[in-house]
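Visitor: Below are the chains, spelled out letter by letter.
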Amino acid sequence: MELTDEIRIASPRDVVYRALNDPDILMECIPGCEELTQKSPNELEAKVVLKIGPVKARFAGEVTLDTANAPNGFSLMGEGKGGAAGFAKGGADVSLTEEGDETVLKYTAKVDVGGKIAQLGSRLIAGTAKKLSAKFFTRFGEIVSEQSAA
Amino acid sequence: MTDQTLTPEERAANLKGMGCARKRVEDVRFTQGKGNYVDDIKLDGMLFGDFVRSPYAHARVVSVNKEAALALPGVIAVLTAEDLSPLGLHWMPTLAGDKQMVLADGKVLFQGQEVAYVVAEDRYVAADAVELVEVEYEELPVITDPFESLKSDVVLREDLEGQTEGAHGPRKHHNHIFTWEQGDKDATESVLAEADVVAEEMIYYHRTHPCPLETCGCVASMDKVTGKLTLYGTFQAPHAIRTVVSLISGLAEHNIRVISPDIGGGFGNKVGAYAGYVCSVVASIVTGKPVKWVEDRMENLMSTAFARDYWMQGKIAATKDGKITGLWCHTTADHGGFDACADPTKFPAGFMNICTGSYDIPTAYLAVDGVYTNKAPGGVAYRCSFRVTEAAYFIERMIEVLAIKLNMDAAELRRINFIRKDQFPYQSALGWEYDSGDYHTAWDKALKAVNYEGLRAEQAQRIADFKAGKTRKLLGIGLTHFTEIVGAGPVKNCDILGLGMFDSCEIRIHPTGSAIARLGTISQGQGHATTFAQIIASEIGLPADDITLEEGDTDTAPYGLGTYGSRSTPVAGAATAMAARKIRAKAQMIAAYLLEVHDNDVEWDVDRFAVKGAPERFKTMKEIAFAAYNQAIPGLEPGLEAVSYYDPPNMTYPFGAYICVMEIDVDTGEWEVRQFYALDDCGTRINPMIIEGQVHGGVTEALAIAMGQEIAYDDMGNVKTGTLMDFFLPTAWETPNYTTDHTVTPSPHHPIGAKGVGESPNVGGVPAFSNAVHDAFRHFGLVQSHMPHDHWRIWKIANGLGMHG
Numbered sequence: 001m002e003l004t005d006e007i008r009i010a011s012p013r014d015v016v017y018r019a020l021n022d023p024d025i026l027m028e029c030i031p032g033c034e035e036l037t038q039k040s041p042n043e044l045e046a047k048v049v050l051k052i053g054p055v056k057a058r059f060a061g062e063v064t065l066d067t068a069n070a071p072n073g074f075s076l077m078g079e080g081k082g083g084a085a086g087f088a089k090g091g092a093d094v095s096l097t098e099e100g101d102e103t104v105l106k107y108t109a110k111v112d113v114g115g116k117i118a119q120l121g122s123r124l125i126a127g128t129a130k131k132l133s134a135k136f137f138t139r140f141g142e143i144v145s146e147q148s149a150a
Numbered sequence: 151m152t153d154q155t156l157t158p159e160e161r162a163a164n165l166k167g168m169g170c171a172r173k174r175v176e177d178v179r180f181t182q183g184k185g186n187y188v189d190d191i192k193l194d195g196m197l198f199g200d201f202v203r204s205p206y207a208h209a210r211v212v213s214v215n216k217e218a219a220l221a222l223p224g225v226i227a228v229l230t231a232e233d234l235s236p237l238g239l240h241w242m243p244t245l246a247g248d249k250q251m252v253l254a255d256g257k258v259l260f261q262g263q264e265v266a267y268v269v270a271e272d273r274y275v276a277a278d279a280v281e282l283v284e285v286e287y288e289e290l291p292v293i294t295d296p297f298e299s300l301k302s303d304v305v306l307r308e309d310l311e312g313q314t315e316g317a318h319g320p321r322k323h324h325n326h327i328f329t330w331e332q333g334d335k336d337a338t339e340s341v342l343a344e345a346d347v348v349a350e351e352m353i354y355y356h357r358t359h360p361c362p363l364e365t366c367g368c369v370a371s372m373d374k375v376t377g378k379l380t381l382y383g384t385f386q387a388p389h390a391i392r393t394v395v396s397l398i399s400g401l402a403e404h405n406i407r408v409i410s411p412d413i414g415g416g417f418g419n420k421v422g423a424y425a426g427y428v429c430s431v432v433a434s435i436v437t438g439k440p441v442k443w444v445e446d447r448m449e450n451l452m453s454t455a456f457a458r459d460y461w462m463q464g465k466i467a468a469t470k471d472g473k474i475t476g477l478w479c480h481t482t483a484d485h486g487g488f489d490a491c492a493d494p495t496k497f498p499a500g501f502m503n504i505c506t507g508s509y510d511i512p513t514a515y516l517a518v519d520g521v522y523t524n525k526a527p528g529g530v531a532y533r534c535s536f537r538v539t540e541a542a543y544f545i546e547r548m549i550e551v552l553a554i555k556l557n558m559d560a561a562e563l564r565r566i567n568f569i570r571k572d573q574f575p576y577q578s579a580l581g582w583e584y585d586s587g588d589y590h591t592a593w594d595k596a597l598k599a600v601n602y603e604g605l606r607a608e609q610a611q612r613i614a615d616f617k618a619g620k621t622r623k624l625l626g627i628g629l630t631h632f633t634e635i636v637g638a639g640p641v642k643n644c645d646i647l648g649l650g651m652f653d654s655c656e657i658r659i660h661p662t663g664s665a666i667a668r669l670g671t672i673s674q675g676q677g678h679a680t681t682f683a684q685i686i687a688s689e690i691g692l693p694a695d696d697i698t699l700e701e702g703d704t705d706t707a708p709y710g711l712g713t714y715g716s717r718s719t720p721v722a723g724a725a726t727a728m729a730a731r732k733i734r735a736k737a738q739m740i741a742a743y744l745l746e747v748h749d750n751d752v753e754w755d756v757d758r759f760a761v762k763g764a765p766e767r768f769k770t771m772k773e774i775a776f777a778a779y780n781q782a783i784p785g786l787e788p789g790l791e792a793v794s795y796y797d798p799p800n801m802t803y804p805f806g807a808y809i810c811v812m813e814i815d816v817d818t819g820e821w822e823v824r825q826f827y828a829l830d831d832c833g834t835r836i837n838p839m840i841i842e843g844q845v846h847g848g849v850t851e852a853l854a855i856a857m858g859q860e861i862a863y864d865d866m867g868n869v870k871t872g873t874l875m876d877f878f879l880p881t882a883w884e885t886p887n888y889t890t891d892h893t894v895t896p897s898p899h900h901p902i903g904a905k906g907v908g909e910s911p912n913v914g915g916v917p918a919f920s921n922a923v924h925d926a927f928r929h930f931g932l933v934q935s936h937m938p939h940d941h942w943r944i945w946k947i948a949n950g951l952g953m954h955g
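Chains as they are written, first to last, in the working numbering: chain A, 1 to 150; chain B, 151 to 955.
Hints may contain errors.
Taking lysine-lysine and the DSS-like style, the derived pairs with C-alpha atoms no more than 27 Å apart in a straight line are [unchecked claim]: (1) K131/A <-> K106/A; (2) K870/B <-> K56/A; (3) K110/A <-> K870/B; (4) K131/A <-> K620/B; (5) K870/B <-> K130/A.
Everything labelled a hint here was simulated from the structure, so no lab data went into it. What you are looking at is a predicted structure, and each value in this text was computed from that prediction instead of being measured.
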């Protein structure tokens, strides 16, 4: 499953970049996130409760960041395991472009899901994934804009 | 003598015997919610089992942590392979001579494989506990394609590594299971080399699933005081299950009682032995309490036996005027992670060698390679006799492909190649002796019934209209003439794990002239209680309404191999007639004694024995039954009962002609069945109404398979069709009207001439629907497009042929 989207955030690029690396902000933006720990500058651990159709499960995930391209963007690879509900793994490329006072965030994510969540049919998963990522970026945009306004 | 005034015909009608459209006696309870299915069984103190299943299609199981699950109140136990291995029960034998993990032993080979078994006091607690079992997996490369599997370095079955000999001969590769060859390879290849015309095509019959409305399940109840295990379950073969449980568990067979209560459809899905049965038995033995396990729909679709998944590469040779001279087939059979096919042992690809179909093909060769992949095990006969559906689909597609190559009408091509009536019994090139048939009569009747010439004229007009831009709908005429091989089978060549495939019937006549009959089979909706009583009624002259039928309890029913492969009527039905005839033979002696004449001086007359030449002097079966118990007859034991174990001399060969007329919208891929005509010849017809119901149900399942139903996997081995949202199960909305018809060519070797019909409509229906789709596009260049023909795939055909402008 591939997801791509583009959002515009009313903040400078370096602010957006910092926010994307701030565990507290991420935890607030990720829907259903219960825990988020930074294990090292490039490694995060998270516990997220996800509901996809009739399947609700707590996913334990690990994410590794590749920041070689900072602050123009970064890549991440991750894997989440939800026990009986299944698992998800994948990666994303995020690019940040400055346009005036604003930053355009583009992302392309490729996610493979397995187990019960995969069996529910891709239409359900794709829809849910889109909804969740929209939620994430909407909230992220709000927080970052608020911060740079403040 | 109250019925002295009735004619013999009237007396026969009163019996409601063979030929009577008797209403199903089972339906009295089924239509009132009074059926008794496995999930209706509730025993005191009963516990519930549920499985932790693998989300991965191929992975190592690094660890299983039960602690959190065991800490949940109400959880009694969590079983893993480690717990079962001291008992030797972490693996079990399959019906195909392979072995299968009961619970994951170090690795998993398909998504949904059983990893741990949770036992709890409550079904909901069990489900909650499943989520608490922490399993650590290490992913391995996934193979979902059998051709790739045979080339891959990845070893799926590490337990078999280095074994070059399997249950069915040499293994050519570590993911190869067997090669099964029939016919004459060299002769067939030289026929192909010298033929005027050879058509070649890959015919894929996709993976699907029987999907019975009731899923698989059981209740195991070990009585520690008596040492007796009672196992209730959705078993299509209860006696075989008892024997297998005894062999696997070491419990003495007399201490095991297997009961198949009412079963909500089987279609082959309930033939095999599943991990759920083994784990429930172990859990009951360990806890001393009854344990129930019933799978849910997703579990049923992704883990218990699938059907088909045959890649059939075909070559068919013919003279330029259309006489078929040879047939060659190489099949690559995807068996999934374990070989758990349910076939007679000597037939690892079932009766695929019936693939010469209804045609007189002098030379043929078939090879089948079984292959392991990371998919669920199974390969059962989904409403068909052991791969007969695959065989029929293959030949009926190859005939169409040949017709295109020859530029011939497919109906005419069939007609000139049919085995003629005077050729029966017919020895086929691939080793079968067809018992009887009259294909030309059936075919001509079918073509006439649908006005075949008229349909072709209409189709020609439609093509012209389409090309002129006047319509966007095509007309497809799907033809099929199928020959089945059912009634497995003669013990000389048919056994499962060494258990001979005879069947049985025991009849006990009560003193007042009613009766109970018990059979080794088990109805899953076929209406055995109705039809078998009719056989007895006609054979011994007691009303069918006065005869009780009982099946499925191994403590009371005689041993038999169960119900699948359309074997009940050909085998147990024959046993029923033979047992009834034994009773009639004794009744004749009793009647002669009562009438004070010699045994040879009485003759059978519908429901009585009468003195030859003096029909007014007779004894009815009711009178004879009373005398059998209550009158001292010199030289005869009291009582009137008999049992027959019937070993059939041959299979039976039902056949039929099906024609489907379909409208297809090239822009949306939507289809509509305008007409479906099904002519079946199942030999002697026991109950025409039940036959019609069987045909309706079977054609509807065929419609599902051909037009949308599939078990599809993605590259990661995820089952993409694990719910009824994605797995097509037709409702009344999608189901068209059917016209049924028949001819009658009795089986010469069956006591009543019956051949079996339950599976014919699936065998004949699938190619009829598929051929209709192909036929619609034939004139636009389509030769072969794989099933299922859902709207999207039909749209893709049209798109690929450039029909979207």
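Visitor: Are there hints from earlier that the structure breaks, and if so, what are their numbers?
Guide: Per hint list: single violation, 4.
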